[in-house]
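Just so you know, the sequences run in chain order D, F and E. Positions 0 to 215 (numbering that gives the first Met the number 0) are the ones given, in order, by the first sequence. Positions 0 to 264 (numbering that gives the first Met the number 0) are the ones given, in order, by the second sequence. Positions 0 to 301 (numbering that gives the first Met the number 0) are the ones given, in order, by the third sequence.
FYI, nobody ran anything at the bench for these hints, they're computed from the structure. For every residue, glycine included, the Cβ atom is placed at its ideal position computed from N, Cα and C.
DEER-style ranges, computed between Cβ atoms:
#, chain 1, residue 1, chain 2, residue 2, range
1, F, Pro54, D, Gln124, 51 to 59 Å
2, D, Thr179, E, Glu291, 26 to 34 Å
3, F, Ala96, D, Thr199, 36 to 44 Å
4, F, Gln86, D, Gly142, 40 to 48 Å
To give a feel for the contact side, a few chain E residues facing chain F, derived at Cβ under 8 Å:
#, residue
5, Asp195
6, Ser198
7, Leu201
8, Glu202
Reference listing, derived: stretches of chain E covered by chain D, where coverage requires no fewer than 3 residues with Cβ under 8 Å from a Cβ of chain D:
#, stretch
9, 180-193
10, 206-220
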Amino acid sequence: MDVLTDNLDDFAAGLWVTTRLVGAAFLVAVVLGTLVAALRVSESRPLRSVGGLYVETFRNVPLLVLLFITFPGLRRGGVDINAWTAGIIALGLYTSAYVAEVLRSGVAAVSQGQREAGLSLGFGQVAVLRRIVLPQAFRTVIGPLGSITIAMIKNSAIVGASIVALDDILKEARVVNSATFQTTEAFFWAAVCYLLLTLTATAAFRGLEARYAIRR
Amino acid sequence: MGYLFDPDNWEWVVTENNLGFLLEAFLINLQIAVIAMVLALAVGLVLALGAIARPAPVRLAAKAWVDVFRNIPLILLILYLALSQPQSVRDFWSDSAPGFLPDALRSEFILAGIGGLVLYNSAVLAEVFRAGILSLARGQREAAAALGLSYLQQMRHVVLPQGLRRMVPATVSQLITLNKDTTLVSIIAIQEVVRSGRVLAGTAGNPFTGSGVAAPILHVMIFVGLLFVIANYALSRLSRRLETRESRRIATVRTAPRVSEAPPA
Amino acid sequence: MRRKRPIVLLWLCVLALVLGACGGDDEEGGGGGGGGAAATPAAEVEQYPASTTMGKIQAKKQITIGVKYDVPPFGFKNPRSNAIEGFDIDFGKAVAAKLGVKPRFVEAISDNRIPFIMDGTVDLVLSTMTINPERAEEIGFTDPYFIAKGRILQKKGGGITGVEDLAGKKVCTVLGSTYEETLKEQAPDAELTLVDTYSECLESIQNGSVEAVSTDDVILTGMIIQDDSLELVKGEELTTEPYGGGFKKGDREFREFLNGVLDEYETSGAWAKAYQKWLGQYTGEKQEPPTETLSDALEAAA
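Chain D extracted, bound-state conformation:
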């Protein structure tokens, strides 16, 4: 318990870093994922292939490799990117592929009849997607998005452990460990911090699900 109380500042700072990292990367992932999902369900074959290529790439590449590309890789290429931006982009890109897949299946779950009804009412392709299909699709994907967010909270630890070296929960725990040699305690409290975040996310998404559940 001393390990926690003596280093409360460190753990709190790490918790805040992880929270901001996950929050920012989540926005990146949802924006990119929505765009890619739109490509994946578009009428145009080439656009669908581009979307497919995007998903297969970012879903199959290890996050650690992406982090090397977005931080030292881009810096060597003359891009003046900082650790935060690199970490957010890598985690966001990685997660966006999963978001895109979830949204695509959500869209697929909205029946073709709805789409046709929209079209026959004079809505354009884009308007049908934006006003009829996506709002319904979003509802069915709240649950899967919750699982993705929890995975993202766990994956965020890779950002701090990599060369990007943000001072997140895990990093702070390792600093505490190197000062106190209380390895088990330091890592235990780090695990508790991560559980705190994942449980909060679970509760939040359950709440959303209950609120927006489609009543049939």
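Guided by the hints, dock chains F and E onto chain D, whose structure is given.
For chains F and E alone, coordinates are given in the frame of chain D:
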């Protein structure tokens, strides 16, 4: 963009043994993935059976175990195991690791790496299995019970064969995740492909240590990323083919219930 | 100190590959320090009483020395020639030459070097071992034969002149090394970037995401050998790490013998030659052989 596509920045791929150096290291990732997957499947199955067992203490313990380990970052588990691993375990492995293993698998930290991968993935897979088993209609088990099969016989002859087949897609997708996660052991100094990529990027351009042909870290890591994309894409195609075959088989069985030949494995 | 070892080792595994090859290139200019001493004519070799450690070594016709295989430029295995080379190795050759025997080098990593000495696996350990009171409880030490210093590395013309300039700058060091603590004390306003290996610090300073790296000058010199756009910040060092040779505790005759060899090594200019060969030619710095005695080093550490 010029920097990315400049052929000079890709010349390292065909210089000396750079390509072989990376591919050999990638093989280590695949080996770690296979070892960890086999162990995680076995442990995961035991945990899943525990989570649906009738005695409440067993069930609750298994569920708690699964919930804890699948909600902790894998890299935290790996680092913890590596840092807390007693000297005696390290010595044991460095003394008694079979000589035919590649150097990377004889590393004193490999047990921590594989241990972390197994702890985490077995918990995730246990959840997949549990859901798969529970998705089977209750009647199947009741029918088996009515036929006088014991609990173990029900599991072995009725529940698992059907449940496991349904879990193929989720299991393969977890295998892809595990394959990606093998790169995390580079953080505990196991010489796999990410670490080898770093060595290559750090040394190739130096006339003393390499060929003098620079291997920019951006290009090396894009190459390493491609290796994973190709391997994992192949895996997911395989899984999709299994899936379609499975649904076809089920369709056949439905329409012609008396098909007598053995189903394709 | 204890925590630092595995991480330093990790880094050194990588660097061993890197620098081993550099050593090979130095070979033609080499033969310097140790080579000169090894050339001492056998006629001058003094025979020691058979009861002493020196006499026993002479009877075996070889001295077993535990060294590092992965700490260039002190002790490393050259992957091209398979030869063991470095500053420690040159001094070991000088000790062997004094006894007129062949040196046999075996790998002593941080974890096993003290047990190696206690169980007699090796006669002597020369492996960048910092003298400190805890170790002096277990084994005997020679006088310091090298003083490593905690220093700062920057890009040439980086404008850092001392530890006080680190305030507000990004400084890389390895998580869990003693420098994590040292920097927090001496440069509390620096922004620390803590990574797992020194090669990550090297990459970070090369791509500009950190402005300085701090650790043992020996390790920093290894980085300069790989990238000559880097330089050490001159001026006061952050810490002092006196390296001593280790042997069985209480073997006074052997200690006097070793200190004698060391004195001769230093006064004959062989030490300076070895320094120039392994460090000076890369850093452009000159250094005098250490004058501290064992008790000075122990007092400073206490």
